[in-house]
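With numbering that gives the first Met the number 0, letter number 35 in the sequence shown gets 34, and the count goes up by one each step, no holes.
Hints are computed from structural coordinates only; laboratory data are not their basis.
The reader is advised that the hints may include incorrect statements.
Restraint-style ranges between C-beta atoms, simulated for each label pair [unchecked claim]:
{"no.": "1", "residue 1": "Pro22", "residue 2": "Asn73", "range": "28 to 36 Å"}
{"no.": "2", "residue 1": "Pro24", "residue 2": "Ala68", "range": "19 to 27 Å"}
{"no.": "3", "residue 1": "Gly72", "residue 2": "Asp25", "range": "33 to 41 Å"}
{"no.": "4", "residue 1": "Pro53", "residue 2": "Asn21", "range": "17 to 25 Å"}
Glycine is no exception: its CB is placed at the ideal position from the N, C-alpha and C atoms.
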Amino acid sequence: MDNPNQQLVDRLFTPLRANFSNPRPDGSIVLSLLDESDATAYSRVLSATQLSDPQAFAQSLEDIRLELAVRSGNIPAEMRKALKEQDSVLSYHSA
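Starting from the given sequences, assemble the full structure and let the hints guide the process.
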């Protein structure tokens with residue numbers, strides 16, 4: 000799928016390359032990040048709302064970047080500090 004955000008996503012996730020699926024019936028798409036051999040290194044469904052709202056889209060990209068950093072062991076300094084301050088226990092609140 001030709002997506003206007005292709006260059007932005009490619010730039011954010013270099014050396015991975017972004018691939019956007021065709022829209023699904025509900026308007027969502029699958030964002031896949033491919034490695035140099037075109038194997039899928041990561042994929043996530045982005046909802047129609049996330050795609051249509053620039054702020055929600057940007058937050059989705061930040062969430063993906065954080066998840067990839069955590070998976071690779073590169074937890075950002077701010078998160079390490081927050082975990083230490085909370086004695087490494089995150090509180091979960093139900094809405």
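Structure versus earlier hints, numbers of those that do not hold, lowest first:
Hint check: 2 fails alone, others pass.
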